[in-house]
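*Asks:* With the hints as constraints, model all of the structure from the sequences given.
Those sequence lines, one after another, are chains A and B. UniProt numbering numbers the first residue of the first sequence as 1 and each following residue consecutively. UniProt numbering numbers the first residue of the second sequence as 1 and each following residue consecutively.
To be clear, the hints were calculated from the coordinates, so they are not data collected in a lab. Misleading hints may appear alongside valid ones.
Treat identical chains as interchangeable: a pair holds within one or across any two.
[What the hints assert, rightly or not] With a straight-line cut-off of 30 Å between C-alpha atoms, the simulated DSSO-like cross-links for lysine-lysine are:
| id | residue 1 | residue 2 |
| --- | --- | --- |
| 1 | Lys255 | Lys93 |
| 2 | Lys81 | Lys40 |
| 3 | Lys293 | Lys465 |
| 4 | Lys100 | Lys255 |
| 5 | Lys21 | Lys598 |
What follows is each chain in one-letter form.
2 protein chains.
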Amino acid sequence: MRKILLLFFTFSITAAFAQQKTLSGYTKTSSDQEWEAEKKFDSYLQPANLDVWMKRLAGRPHHLGSAYGKQNAEFMRDLFKSWGYDAQIETYKVLFPTPKVRQLELVGPTKFTARLAEPALKEDATSGQTKEQLPTYNAWSADGDVTAELVFVNYGVPDDYDQLERMGIDVRGKIVIAKYGGSWRGIKPKVAQEHGAIGCLIYSDPEGDGYHQGDVYPKGPFRPQHGVQRGSVSDMPIYPGDPLTPGIGATEDAKRLDRKDAGNLLKIPVQPISYADAQPLLAALGGPVAPEKWRGALPFTYHVGPGAAKVHLKLEFDWKLVDCHNVIAKLKGSELPDEWVVRGNHHDAWVNGANDPISGMVALMEEARAVSELVKTGFRPKRTLVYCAWDGEEPSLIGSTEWVEHHATELQQKVVAYINSDGNGRGFLDAGGSHTLETLMDEVSRDVTDPQTGIPVRDRARAYKATTAVGAKARKDILDKKVLTLSALGSGSDYSPFFQHLGIPSLNLGYGGEDDGGEYHSIYDSYDMYVRFKDPKFAYGIALAKTAGRATLRLANADVLPFDFKAFSKTVNGYLTEVMTLLDNLRESTEVENQMIKDNVFVQAADPLIKYVPPTPKDAVPFLNFSSLQNALTSLEKASTLYADLRANNTVPNTNLTTLNETLYRAEQKLMADAGLPRRAWYRHTIYAPGFYTGYGVKTLPGIREGIEQRAWAEAQEQIEATAKAIERYTKEVEAASRILMMR
Amino acid sequence: MRKILLLFFTFSITAAFAQQKTLSGYTKTSSDQEWEAEKKFDSYLQPANLDVWMKRLAGRPHHLGSAYGKQNAEFMRDLFKSWGYDAQIETYKVLFPTPKVRQLELVGPTKFTARLAEPALKEDATSGQTKEQLPTYNAWSADGDVTAELVFVNYGVPDDYDQLERMGIDVRGKIVIAKYGGSWRGIKPKVAQEHGAIGCLIYSDPEGDGYHQGDVYPKGPFRPQHGVQRGSVSDMPIYPGDPLTPGIGATEDAKRLDRKDAGNLLKIPVQPISYADAQPLLAALGGPVAPEKWRGALPFTYHVGPGAAKVHLKLEFDWKLVDCHNVIAKLKGSELPDEWVVRGNHHDAWVNGANDPISGMVALMEEARAVSELVKTGFRPKRTLVYCAWDGEEPSLIGSTEWVEHHATELQQKVVAYINSDGNGRGFLDAGGSHTLETLMDEVSRDVTDPQTGIPVRDRARAYKATTAVGAKARKDILDKKVLTLSALGSGSDYSPFFQHLGIPSLNLGYGGEDDGGEYHSIYDSYDMYVRFKDPKFAYGIALAKTAGRATLRLANADVLPFDFKAFSKTVNGYLTEVMTLLDNLRESTEVENQMIKDNVFVQAADPLIKYVPPTPKDAVPFLNFSSLQNALTSLEKASTLYADLRANNTVPNTNLTTLNETLYRAEQKLMADAGLPRRAWYRHTIYAPGFYTGYGVKTLPGIREGIEQRAWAEAQEQIEATAKAIERYTKEVEAASRILMMR
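*Replies:* What follows is the structure in structure tokens.
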């Protein structure tokens with residue numbers, strides 16, 4: 001019996017190896033060397049290190065500007081140094097508001113004063129560090145002292161205001177209360193402000209983030225009644241980073257905007273609250289019953305207001321400049337020191353942040369340590385590695401953005417790719433990024449084994465996707481696609497400046513899905529919580545180190561950088577189909593809706609006893625000319641197929657190798673539009689951006705897609721042309737790469 | 001300006017009349033007479049009568065077997081008599097269990113005794129009639145005294161047990177708690193019993209039926225915390241009516257089954273409870289967290305159990321025979337006394353039943369009274385009208401079923417159609433029935449004006465459908481279809497014996513959708529509730545009288561009965577497409593799922609820390625031979641088109657008119673399968689049936705569809721043949737009708 005099993009295993013391993021004889025970008029010889037190095041690399045990884053470092057780094061609150069945050073930066077710098085890295089702290093001076101006054105009360109029909117605080121728990125050792133904890137607040141809220149009727153606006157996204165309009169409800173002069181979810185949080189006060197609200201509360205409804213999801217902390221990992229989600233509400237889709245220094249590094253002597261001129265700051269006060277604090281406010285609302293989909297899991301009838309319920313919100317902040325400490329640790333490449341692979345994770349947290357961000361940070365550190373062990377045995381990476389621990393990510397990706405803006409020219413010259421991670425936990429690989437890196441990540445995820453099931457993490461991610469897909473066709477499509485699919489990147493972590501501002505090919509990697517909980521941005525995101533509920537034995541921390549480590553090392557050691565332009569071309573073609581369908585569907589739905597308005601159908605169907613305001617007709621949706629982009633993508637498909645064919649033999653050209661590689665990694669920069677996206681020039685990538693009205697949520701072909709969504713037809717047409725030009729520039733680089741290969 | 005408006009209105013009216021010059025089945029002359037009669041009929045209708053009668057009929061509890069129910073029957077009989085009807089009470093002796101002992105307690109981990117009672121409210125005058133009220137219970141529960149661990153089974157339908165199996169949870173020897181919704185209530189204990197449970201609780205979750213839907217009674221109309229939905233849990237999809245006399249009338253001397261041999265009675269005890277009573281039980285459950293879709297709106301984490309929570313349920317019933325009093329009021333037809341149009345509504349309630357059923361009952365009474373006024377002015381209907389007030393509908397459609405079984409032969413000979421109503425309220429017309437009557441109902445609903453909007457009720461129903469449809473295409477399809485669409489009938493009211501047992505063409509009519517509430521089968525279904533929240537001025541009671549009255553009168557007075565075989569043919573063709581698609585989709589999903597099982601994908605995707613049992617492979621889905629049914633439907637299409645063409649001129653044949661009409665109204669009887677449906681011979685209609693596992697929910701082409709759903713391939717194939725034969729028999733009748741028309 002044992003013999004049969006052994007035979008079976010031997011066969012499996014042989015079959016797996018037979019699948020691919022070399023790594024993309026490598027010859028047979030260099031592949032074997034790389035695999036050998038990775039095997040060693042794996043053997044160096046110690047979960048115990050992650051445990052010790054998490055306990056240390058999450059031991060006290062360490063937000064931007066905190067004493068402990070600085071100590072953490074120094075601690076990490078010293079570790080990197082001890083592993084042989086050229087490590088230093090690069091410090092910027094950045095704006096960071098912290099609360100001085102926070103007051104929220106229901107002033108009518110009854111009185112209630114919100115607690116605005118999270119209680120310490122005996123089951124959670126760090127939850128009582130009250131003196132160092134940032135109180136519950138939304139960074140970049142305006143100062144304000146407002147009293148007004150309250151209106152419940154669901155998630156507070158534009159569609160919700162459309163529905164309020166149908167109900168005849170206007171939020172002008174009102175304070176709105178929105179629940180978390182449905183968009184990035186910063187969208188809620190932005191849209192509220194656009195509609196004339198004078199204040200905004202954001203609460204965690206137990207339906208999405210509390211007892212409705214599972215047992216609450218400390219019994220289970222879900223958000224307890226007084227738990228609050230802190231977080232930034234700057235208008236990050238305009239620009240991230242220090243609000244006073246857009247586009248430039250916030251060095252000591254940088255030229256700073258006046259705060260009132262910062263283009264991404266709110267004018268109204270915003271406060272996040274727990275469901276315990278929200279309950280009396282929501283229960284006091286009058287007005288119509290909230291639409292079915294707006295209702296959460298609190299035990300009463302959700303009303304929209306306005307009416308009896310009146311609240312008073314007073315907020316004041318200390319708008320000070322603080323030090324933002326990035327740790328930058330370099331390991332000079334043995335052959336190509338001016339080609340950099342940058343790998344980063346942030347180190348600042350809202351409070352203790354064991355999961356967000358320390359779980360990712362400690363995986364990165366162990367990865368860097370294992371690399372240093374490799375170096376000791378003679379496997380020094382060919383290209384330079386740059387390990388980064390960013391400060392100030394939570395308020396607005398500040399550390400990474402300032403560093404990228406500060407060193408932009410050098411980075412655009414040297415950086416081959418940026419690989420990001422953030423929080424990490426038990427579950428499935430989630431990999432997003434530039435689709436030129438899809439094949440690289442497919443090979444990486446094939447070669448990393450899931451710690452729980454023993455199968456490649458790629459296959460487990462696919463199994464999960466297939467199992468959760470709805471319908472046989474969708475399932476079959478997923479099962480049939482044997483390679484990993486990268487998701488597109490919006491925003492919400494430190495890849496944004498690299499990727500969307502500079503056009504540096506980027507990845508964002510992490511594990512999760514079996515680590516659900518409600519500790520996000522609360523005092524309960526602690527070491528105690530993490531080791532009970534998130535990744536008890538740091539097995540997925542190690543899996544992340546193996547995954548990101550492989551991606552980093554394979555990029556660092558490749559003979560010819562493994563960029564897959566065909567995968568990119570195919571993916572963008574898919575996006576084009578999507579936006580064309582979007583336009584067609586919008587045309588059809590506009591026609592039907594306008595007809596229904598004209599025929600009075602909405603009024604006929606409405607309950608006459610409930611106030612109803614019918615929509616007004618919308619402008620008809622024109623046909624747009626997509627031909628320039630279609631032609632550009634056809635050329636790209638041709639060029640990328642030729643390049644792929646030329647690379648099929650995996651040989652290394654004798655001449656111009658450096659030029660070839662530079663061409664490859666800089667190609668993505670050609671996708672940047674000089675003018676940037678409409679109304680947000682900082683974002684320049686024509687293919688990927690965070691949504692203007694979704695926040696973190698990605699919009700692919702953003703200029704075109706958002707032009708259509710916003711019904712800005714002329715703008716959408718301009719953006720088609722701008723995107724086509726970007727693709728044409730990009731295609732020229734791919735053709736240039738092919739020419740080099742043909743010269744050999 | 002006024003002139004222009006006037007012109008516009010004149011034009012509109014002219015346009016509307018131009019649309020149709022005659023009613024289907026009528027000549028120009030007889031159409032005009034009919035329209036004139038209907039105008040008069042409308043003018044007789046008095047909302048005040050509905051108000052007075054509702055106050056009287058719902059004034060005290062009047063369930064089957066109650067003293068007040070008998071008084072109500074006598075009161076109605078006397079009214080019908082006073083209007084000139086030949087009215088009498090027909091009484092049957094039927095089984096009806098009422099509770100003697102009801103006891104439910106949580107015996108561990110903590111103690112809790114369920115209240116099992118609804119408190120009286122000062123805002124509701126009849127809610128305190130405790131002595132006459134039936135207590136909260138499910139009729140046809142078995143006697144039982146069980147103590148066991150509790151398991152939450154969501155809606156308690158077969159899919160839920162599949163999911164329990166995936167969680168490794170077995171309900172054998174357990175008591176289950178299911179929430180109302182997702183199926184007819186009788187399905188829940190039936191499926192629980194099939195899976196080995198020894199008791200069943202059914203509760204109203206506030207998500208679907210309580211504060212999550214809107215303000216609770218008495219502030220609003222929704223179910224308050226102690227409100228309980230009573231109701232029948234006999235296995236009605238097997239057969240309705242008195243369980244002891246299936247297929248025959250339950251006359252005094254009828255041959256009765258022994259109760260243990262009744263094929264539609266449960267073996268386990270079942271008790272309905274309020275959410276106030278359910279809360280401590282559900283909160284005490286251990287075991288895994290309930291799947292997302294299972295969770296309701298109670299303020300805690302829903303667990304599945306089993307575990308700590310143990311309950312004791314003790315129920316005993318008085319299994320007595322009671323009198324079931326149907327009121328039957330006939331108005332002999334002036335020309336065709338042996339052709340009957342039967343119109344019915346039940347009069348028994350669970351408690352006071354102002355909405356269910358009195359709101360429909362009083363509309364029927366006013367309709368009958370207005371008809372009697374017409375008679376006085378010389379408009380006596382040509383065919384006989386039979387107005388019925390059924391008793392015992394709530395326990396199991398008893399009164400109507402016993403009457404139909406008792407008089408089956410006569411009814412199959414004489415009845416042109418049966419028109420049913422039940423509860424009624426403010427909102428939109430909902431019309432279901434045999435699709436041969438679709439054109440009739442289109443014309444009726446075009447000619448009845450909605451009291452709130454002043455447009456035809458047909459158009460308002462379409463506006464509502466269009467507005468609530470999802471997607472531009474679905475909306476457009478609805479707007480483009482200018483005629484009324486009948487829904488298919490499952491069960492849940494008194495049309496079942498007429499329609500599905502005898503094959504008498506039937507309709508079920510009612511208004512609703514703006515009368516939401518949570519009074520259903522509780523003591524709060526009262527006059528006070530009704531006039532505050534349901535149809536305050538009885539405007540929709542009058543609309544129902546106009547609608548059902550027109551349907552009744554047009555059938556009674558038609559020269560040639562307005563049966564539309566083309567509409568039926570088209571609809572059944574649509575059902576055939578549905579079941580063929582169902583089979584194809586099942587084949588595809590089975591293939592994919594079996595592959596996923598084989599490849600271990602479900603196990604790979606499952607969280608190893610949570611118990612998971614993968615599904616076992618299912619038998620492959622064969623191709624079935626639909627050709628006999630396809631051919632039969634092709635012949636029917638041809639025959640019904642010919643018949644429609646022959647009827648296009650609306651003339652009346654000189655000879656054989658009676659034979660023609662008999663052929664028309666008896667055609668539907670040919671759709672009955674002699675053998676009935678598999679495992680439930682009482683249901684004989686091959687096109688429409690209540691679902692074996694949905695209860696009230698309709699299954700069209702039931703033998704075929706349920707054969708496929710239950711993966712009984714040979715049975716599905718047999719049912720295709722049986723249905724094809726039924727369609728062939730039916731087609732012969734349509735051809736016979738055409739031959740008569742061609743003879744003239």
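*Asks:* Please go over all the hints and tell whether each is borne out by the structure.
*Replies:* For each hint, the structure was consulted:
1. In the homo-oligomer, the alpha carbons of Lys255 and Lys93 lie at most 30 Å apart inside one protomer (11 Å), although the nearest pairing across protomers, at 96 Å, exceeds that limit.
2. Proximity of Lys81 to Lys40 under the C-alpha cut-off of 30 Å is restricted to the intra-copy arrangement: shortest distance 22 Å within a copy versus 99 Å between copies.
3. Taking CA atoms no more than 30 Å apart as the test, Lys293 paired with Lys465 passes in both settings, with 26 Å inside one copy and 19 Å between copies.
4. In this assembly of identical chains, the alpha carbons of Lys100 and Lys255 lie at most 30 Å apart only when taken from the same copy (27 Å versus 86 Å across copies).
5. Taking identical chains as interchangeable, the C-alpha atoms of Lys21 and Lys598 lie at most 30 Å apart only when they sit on different chains, with a minimum of 28 Å there against 65 Å within one chain.
When each numbered hint is compared with the structure, no violation occurs for any of them.
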